[in-house]
Amino acid sequence: MTHPTAARPAQPARDSSAPSAPAGGAAPVARLADVSKTYGRGDGRVEALRGVSLELRAGEFTAVMGPSGSGKSTLMHLAAGLDTATSGQVLLGDTDITHLDDTALTLLRRRRVGFVFQAFNLVPTLDVTGNVELPFRLDGRRPDADERAWIDRLVETLGLGQRLGHRPHQLSGGQQQRVAIVRALATRPDLVFADEPTGNLDSRTGRAVLAVLAAASREHGQSIAMVTHDPVAASYADRVVFLADGRVVHEVGRSTPAEVSAVMLELEAAA
Amino acid sequence: MSARELLAEHRPSILVTTLATTFGVALVGATRVLDQTLRADPVAGDSATVGQMLGVVAVVVIGIALYVGAVVTANTFATIVAGRTSTIALMRLLGSSSRQQRRAVAGEGLVVGLVGAALGAVLGSVLVVVEVAVLVGRGTLPDLPYSVVSATTLAPAVVVVATTLAAAWVGSRKVLAVTPLQAIGTAQESPAHEAPRRVLRTVVSAALVVAGGALLAAGVVTGLADATGVVVAFLGGVVSFTGVVVGAHLVMPLALRGVGRLAGGGAVARLAAENAVRHPERSTRATVGIVIGVTLVSTLAVALGTLRAFIESMTAADPEYFAELDALFSTTLLVVTALVGFSALIAAVGLVNDVSLSVLQRRRELGLLRTLGATARQVRLMVLLEAAQMTVAAVLLGLLLGVVYGWAGAQSLLGSAAGELVVPQVPVGLVVALVVAAAALALVSSAVPARRATSVPPVVATAVA
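Here the protein sequences come in this chain order: A and B. Residues in the first sequence are numbered consecutively from 19, following our numbering. Residues in the second sequence are numbered consecutively from 747, following our numbering.
Chain B on its own, in the form it takes in the complex:
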């Protein structure tokens, strides 16, 4: 394989690692700048609390971005390995051990991680330096001798290298299953349900969801008497959502199947629905990042929306106070959406890549469909529906979880004050934004693959091997 082909295969992973590192380095840098500003401030300077809180938020948000990035990279590597099966089989036939083959793939992961981390570290640092210069120039920030780049700022880069290597290692597991025999003859696509059973993971996931759900309920009940219920509910939310993410291999295929049925029973819709769940593990990894992003943003939006409605009813006599609070809510939501949105962006890259690679690896089947009478339009529609199905399933699930969590948060906080159950407020803006984002993602992720799919000539189907 030439260096160019290798680069083409790894371009999405390099993009993901670069994005994650840029985000991490920039956020840590920005946090440091804010911290330095606060320290220089005569009022806030004495208290380290604000700085610490900023640090915690940064670590959590970066952690999410890195996790999503690692999942995407693992998926990309697993897909690449699937596409290389015949080459790996040939190497095995010629005497290479499966461990050697896997190490080679993991080595590519290390290189990808190093390149992405280096690019991201530079980009992220430049971003902060430029932004600080602009803000100081505008007078928004005081003119201090900021130190932007330090060992701490570069920590995300180091972590990205490690997580990328780990992701490549996880993603390359399938190399071990390739047999030398697969180099000979026409290997058939293995059945979709050969995914490992993952008993432990399922048990852990179920335990987390049940325990987290119980805590969530306890938080809501406690909240009716005392606002500290929100702490219990928050804990329940974190625990149960972790359970959902751990058990995504069960949850996502279910969601995908459900959404697949919505598309109807036509030939194209049916093919698309089957394709989206054909590799359950792959589809799960391609969508879980979007679920995480949408859940977090929706939770906050619904919680703030519900809180806002409650406060509006309480402060009817003082509209000025409410307007002030409203602005604060909007800003908070915007900042958090931007921060979490970055993870969603990384997840989106993963989805684009997944749809793209899965079309590349299905050339033969696409040729068969064209031969049997599927028009170019039908093939294009099929790819679009596949992408749409994954996007819609992820966004709907995220929104659903977000409404539950957001309501539980608001309820446990307000229950004692309201003395009754509050109605969850789902902001129209959130729904509109999600619909637009989902449509855009489905269109973007399927545009290139759909074109590629329709360019497959029908005669590809008749080719031997």
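Next up, chain A with everything else stripped away, as it sits in the complex:
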């Protein structure tokens, strides 16, 4: 599996037709205000998040890091409208999603959030085209001419042009992940949410996937939030937020894997 942008730093051609990234990151695309999340009760009570406040800035590629059980997945679930907070407020763009009902949250995810998971991203019974167009189809429509052109570009850029009729089981792990990325970007969502997107890939394929995400943010101003525990993956982000015990404990700008690792080790030692 090869990809033109496999090596870092990736520098694909700048695209003029796409919206350019706002300089420095302006308005927040998502905001969590004093958010807590508790699971279970009594002895089984787990406080996954304890009063987290965080802004995800538009056009930025943010990595959320932390050891297992730090609450990073919960944080992303809440920000993406996959789960509801026990207390506090979650905003996606201008929408307060804290008290939206299930259907409203579903429509929000369908139209305004993109998802890339570690594994099992694709519906096994649909081919590549079917998977990419699923969010549109669930909306009872097909991509319009503009969206069509955008999808075609993504498909071509990610080298999936020959695979459109293939089912997920006919694709390699890296190809599946790239299909998921095309789908996540296709609706031009407010926020793309990536949960350990390279966790199931070999390091070379993983780097290619990260380069694609970084390019989407840099070239098209796509806001991305990625949960990871891999310092190399985090080094592709513009900003790295560290979580421990359900709290935001540290934050750094663009960093090398070594720098990210150093912070992680420090946090481990402090724990």
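Honestly, the hints are just simulated from the structure, not real lab data. Using N, Cα and C, we set each Cβ at its ideal position, and we do this for glycine too. Be a bit skeptical, because a hint or two may be false.
Claimed, not checked - Distance ranges between label pairs, derived from CB positions:
id : chain 1 : residue 1 : chain 2 : residue 2 : range
1  : A       : E269      : B       : A754      : 45 to 55 Å
2  : A       : D52       : B       : P1203     : 19 to 29 Å
3  : A       : G158      : B       : A749      : 45 to 55 Å
Stated by the list, open to error - Part of the chain B face toward chain A, derived, beta carbon under 7 Å:
id : residue
4  : A1013
5  : E1020
6  : R1024
7  : L1118
8  : G1119
9  : A1120
10 : T1121
11 : R1126
12 : T1200
13 : P1204
14 : V1205
Stated by the list, open to error - A short list of chain B residues far from chain A (calculated; beta carbon distances all over 12 Å):
id : residue
15 : R750
16 : A804
17 : R919
18 : A953
19 : A971
20 : R1007
21 : G1012
22 : R1016
23 : R1123
24 : V1181
Once you have looked at the hints, place chain B on chain A.
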């Protein structure tokens, strides 16, 4: 796995074996009672023919019920094995042989068969005893010292144990394909088209359909000259329908795909259509019993309807005679529908179970769909459409075959008398009954699974492994 979980998994199979045994034991018992009544009757007593015919009918009808039950059980076991893949893989990893694993599953089949057969034997016997008491009390049956329970009555129970064990053995075949590696890492769903090719089965099926079709045609042609053509046509019907059942693994997916297209091209309809043919073998086994039931009932209804129309035109001068005959036809149809309907009931249990298990095993995918923006309503509709597609495909195919067979039967019988081709009569009542039954089955089989499917939280999709 706890005993409760085991019971939950096998509850549908126990229900099916209990139903089949109850039916078999009750029918054999009822046949014996009728036989004893006939023997005591001074007029019919000398002739053993009626009793023998009753016996043959009972054996055929029970045979169909047991066959359908076995197919359903085999399907349930295959589905259970698919759901247990990771557990079986772990056992294999820890050193258990695949044959040991398969024997364990088959052992569960034996227990299921024994429990179901025991329950059914008791239920069936009680049913006959109570019914006889009621009928004797009403004076419908003479008060004789009936012996209801005997070795013969319990024969269905023994056969059910054997067929359940065999079905579990067939259904557990996939255990052999589980590798220890599947315990490690996230195993992907294997492609749907890995079903065995079954060359021999396909050839046998094609041969039966062709030979049976030829006999059917010969029967119709012979029937134009002589009413004995109906015997040839009957034989052709049995042979060709056996061919259809043997080749169901080819016929059903085709029918399902065809019906799937009717649902339209929306996202939900498309997903449902793909899901219904995702495991062709599973869907085939889940629907073939319904095809059998509907075909048999439709054949008889169409044949009798056509016969009735013909006789009505012949006996226009004697409406009283016609009314008598009409009543006889209605009774015959009702009795046969009730007898065959029991097999359809067993098949329906199988369909309910199939839809239910397939939803349970797709939690992750349902979570993914919810994450990507499928509303709870859309997921519910998807499950309903899946069930509807299977039901409609089975009922339509059964009705189509029934019209052909029913017409061929009536034509070969009446051809010589009518001197021309008769028009097949499809009774409105039959169509209405089938539509209602199909709708009810689709709704019932999808009600619980649909609720379960919508309760899957979207975060399930993000879970690792």
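**OP:** With chain A as the partner, please determine if A1120 (chain B) meets the hint condition of a C-beta pair closer than 7 Å.
**Re:** Since chain A brings a Cβ to about 5 Å from A1120 (chain B), closer than 7 Å, the hint holds.
Original post:
Taking the closest Cβ pair, is P1204 (chain B) under 7 Å from chain A?
Top reply: Because about 5 Å separates P1204 (chain B) from the closest Cβ in chain A, which is inside the 7 Å limit, the hint holds.
**OP:** Taking the shortest Cβ-to-Cβ distance between V1181 (chain B) and chain A, state whether it exceeds 12 Å.
**Re:** holds (28 Å)
Original post:
Minimum Cβ separation between R919 (chain B) and chain A greater than 12 Å?
Top reply: R919 (chain B) clear of chain A: closest Cβ-Cβ about 21 Å, beyond 12 Å.
Subject >> chain A versus R1123 (chain B) - minimum CB to CB distance exceeding 12 Å, so not interface >> reply: violated (8 Å)
Original post:
Taking 7 Å as the limit, does the beta-carbon of V1205 (chain B) come near enough to a beta-carbon in chain A?
Top reply: holds (5 Å)
**OP:** Taking the shortest Cβ-to-Cβ distance between A804 (chain B) and chain A, state whether it exceeds 12 Å.
**Re:** About 44 Å separates A804 (chain B) from the closest Cβ of chain A, which puts it past 12 Å; holds.
**OP:** Grab the minimum beta-carbon distance between A953 (chain B) and chain A and tell me whether it stays above 12 Å.
**Re:** holds (34 Å)
Original post:
Would the least Cβ to Cβ distance between G1012 (chain B) and chain A come out above 12 Å?
Top reply: violated (7 Å)
Original post:
Since R1007 (chain B) was said not to touch the interface, does its Cβ keep a gap of more than 12 Å from each Cβ of chain A?
Top reply: holds (15 Å)
Subject >> Interface hint compliance - R1024 (chain B) to chain A, C-beta minimum distance less than 7 Å >> reply: Hint on R1024 (chain B): holds, closest Cβ of chain A at ~6 Å, below 7 Å.
Subject >> Minimum beta-carbon distance criterion (7 Å), R1126 (chain B) to chain A >> reply: Where the cut-off is 7 Å and the nearest Cβ of chain A is about 12 Å from R1126 (chain B), the hint is violated.
The earlier numbered hints that this structure contradicts are 11, 12, 21, 22, 23.
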